[in-house]
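Could you build the full structure based on these sequences and the hints that come with them?
For the sequence shown, the numbering used here begins at 1 and goes up steadily by one.
No lab work stands behind these hints: they were computed from the structure.
Note that the structure is a prediction, hence the values are computed from the model and not measured.
There may be inaccurate statements among the hints.
Label-pair restraints from in silico Cβ distances [what the hints assert, rightly or not]: (1) Glu224 x Gly48: 14 to 22 Å; (2) Asp208 x Glu66: 38 to 46 Å; (3) Ala202 x Gly65: 32 to 40 Å; (4) Asp37 x Glu153: 37 to 45 Å; (5) Gly190 x Pro227: 42 to 50 Å; (6) Ala70 x Ala202: 31 to 39 Å; (7) Ala13 x Arg148: 25 to 33 Å; (8) Pro157 x Asn73: 36 to 44 Å; (9) Pro39 x Ala102: 27 to 35 Å; (10) Asp150 x Arg189: 24 to 32 Å.
For each residue, glycine too, the CB sits at the ideal point set by N, CA and C.
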Amino acid sequence: MIYLSFDQDWAPAWATEDLCTAVAAADQRGTFFVTHDCPSLEVLRSSGRFELGWHPNYLPGSSHGEEVEAVLNTMHALVPKAVGARAHGLITGTSYLLAYGARGLRYDASELRDGAHDLEVFTSWTGVQQIPIFFEDDVHFARGRTCRLDHLELDRPGLKVFNFHPILLALNASDTSGYKALKQSLTSRGLSLNEATREDVAAFTQADAPGVGDLFRELLSWLERNPGQAGGTLSELC
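This is how it looks when you write it as C-alpha cells:
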C-alpha cells in the first residue's frame, strides 16, 4: 500500500494549497506534518482529505523552542488533536518517543528506509509505533537518483510511505540548486520562505530534467489507475 505524506517546512500557503488541490483532484488522501500556522492549514482541514501531524524542529536556533518540551508545546498549540509526528531533519530516538507517548501520540514517522522493500510498521518498546519512510524527495535527488516513478519498483512488496515537501514540488526540484538559490534570493531581500510568491519560485523552477513535481504527478496518476494500492492517512496504520 502507498501512503502520501508531506512536511510543511515553512512553505508559503499557495504551495500547500496547490498540493491539496492535486491530491483532491486524484481522489487521494494524505498526512501533512505542520511547522507553522498558515491559512493553508484550514484549506487542508476543510478538504477532509488530510490528517495533520506535528513536524517539530529540535535543531539549534529553532523557532519552536530550545528544549523538547517547549518544542512540543508549540506543536500542541498548532495541532492539538495530532496523533503522530515526524521531526524536522528526521530526528528520532528513545527520548523523543517517550515524550510523544507522554502526550498521547500514537506514532512517529521519522525513520527513513529509502527505497527498501518489505517495510512494515514497528512498535517500539515505548509503545509508540514507528512508521518507516520509503521515499523522501530531497534524499532521493541528493543521492543522484532520477525522479521517475518507474525507477521505484512499486510492484515490490511492503509498505510505501512517500514524503514530499510543498516547496520542492513547486520548484519541481531535481537537485538542491534551485532551492538554495531561492533561499539566497529571499534572504537578500529580508524575506522568509513562507513569504515567497509564485513569481519568486518560478524564477528557480527546474525544467531541464524530471523533478519531484513530475514524479508526484506521476504517482497520483498511478494511484488513480491502481486504487487498490492507495492507502489513507498514517494514523490508519496504527
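Hint check results:
Take glutamate 224 and glycine 48: their Cβ atoms lie about 18 Å apart, and the range 14 to 22 Å holds. In this structure the supplied range 38 to 46 Å holds for aspartate 208 paired with glutamate 66, their Cβ-Cβ distance being about 42 Å. For alanine 202 paired with glycine 65, a C-beta distance near 34 Å keeps the hint of 32 to 40 Å intact. One distance hint, 37 to 45 Å for the beta-carbon pair aspartate 37 and glutamate 153, holds here, with the actual separation near 38 Å.
For the pair glycine 190 and proline 227, the supplied restraint of 42 to 50 Å holds, since their beta-carbon distance comes to about 47 Å. The supplied range of 31 to 39 Å is met by alanine 70 and alanine 202, whose beta-carbon atoms lie about 37 Å from each other. Alanine 13 and arginine 148 have their C-beta atoms about 30 Å apart, which keeps the hinted 25 to 33 Å range intact. One distance hint, 36 to 44 Å for the beta-carbon pair proline 157 and asparagine 73, holds here, with the actual separation near 40 Å.
For proline 39 paired with alanine 102, a C-beta distance near 31 Å keeps the hint of 27 to 35 Å intact. Take aspartate 150 and arginine 189: their Cβ atoms lie about 40 Å apart, and the range 24 to 32 Å is violated.
Checked against the numbered hints above, the structure violates only hint 10.
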